[in-house]
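There are 2 protein chains.
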Amino acid sequence: MTPKQSYLSCLDTLKPVRDALDVFNGKWKLPILVSIMVGNERFTDIQHSISCITPKVLAKELKDLEEHKLIRRVIINEYPVKILYRPEPYAESIIPIIDALKEWGLNHRKKLFT
Amino acid sequence: MTPKQSYLSCLDTLKPVRDALDVFNGKWKLPILVSIMVGNERFTDIQHSISCITPKVLAKELKDLEEHKLIRRVIINEYPVKILYRPEPYAESIIPIIDALKEWGLNHRKKLFT
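One line per chain: the protein sequences are L and P, in this order. For the first sequence, the residue numbers in the working numbering are 116 to 229. For the second sequence, the residue numbers in the working numbering are 116 to 229.
Hints may contain errors.
Said to hold, decoys possible - Covered stretches of chain L (in silico footprint by chain P; criterion: 3 or more residues with CB under 8 Å from a CB of chain P, positions within the stretch not fixed):
1) 139 to 152
2) 191 to 205
3) 219 to 227
Said to hold, decoys possible - Here are a few chain P residues that face chain L, going by a calculated C-beta distance under 7 Å:
4) Thr128
5) Leu129
6) Lys217
Treat the hints as calculated values from the structure; they're not laboratory data. As the structure is a computational prediction, the values presented were derived from the model and not from experiment. A virtual CB, placed ideally from N, CA and C, is assigned to each residue, including glycine.
Could you build the full structure based on these sequences and the hints that come with them?
This is the structure in C-alpha cells:
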C-alpha cells in the first residue's frame, strides 16, 4: 500500500478523531465534564473546582457540552430559582478517552523528565 | 465521598489528561503524526496530505512533535540536502488514544444526527 493509499484509509480514522477533538478541544471541556461527573452541580461549585476559569468561559463551555448532549441543565423552581448541571448517561462514553489520555500523559511525563 | 473529595482524586486523573491534551491540542498534530506514521516523509508530501495546512504552521507543529520525541528529522547528505521526517517507535504509544477518539467520534456523529 503506497503512503498515499494508506493515508486515505487513515482519513477514515482521522475524520472521527477530528470530530472528537473538536468536542474536547481546548483545556476546559474535559475538566468541566469530570467535575460535573463527580457531583459538582452548581455553577459556582464547578467554577471553584477548576482553577483559573472565568465565569464567561465556563458559561460558554457548559453550553457547548449541553449541545453535545453530554450534560443537561436542571431548573429547580424555588426562590430564587436554582440551576443545576448534571451529566447525561452519554457522558460515560468519554471514560475510555480519559483513560487513554491519562495513561499516555503519565508515561509522557516520565519519558520527558527521566 | 463528597464531590470535593472525589474531585480531588480526579485531579490525579486530570493532570495527566491535561498533559496529553497539551501535546495533541489543536487540529494539526494528530493528522500530521498519522501522515508520517503511514509513510509520508518529505515536508511537501506531509503538507499535501493534510488539507489547508500552511508551511509555517506545519514547520512549527513538526518542531513540537520532535520536542515531544514522537518524530525525528533525518538529514540525507545529498545535493541538494534531503530532510525526511520519520516516526519514533514512541509514536506507537498514541494508537490507543487514536482508537478511543475514533470510536467516540464515530458514535458521536450518529448520536447528533440520528
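Hints and how they fare:
1. 139 to 152: Holds, because 8 residues of the region 139 to 152 of chain L bring their Cβ atoms closer than 8 Å to Cβ atoms of chain P.
2. 191 to 205: It is violated, with 1 qualifying residues against the three required.
3. 219 to 227: Three-residue rule met by the region 219 to 227 of chain L, so holds; n is 8.
4. Thr128: At about 5 Å, which falls below the 7 Å cut-off, the nearest Cβ of chain L leaves the hint on P/Thr128 intact, so it holds.
5. Leu129: holds (5 Å)
6. Lys217: Because about 5 Å separates P/Lys217 from the closest Cβ in chain L, which is inside the 7 Å limit, the hint holds.
Checked against the numbered hints given earlier, this structure breaks only hint 2.
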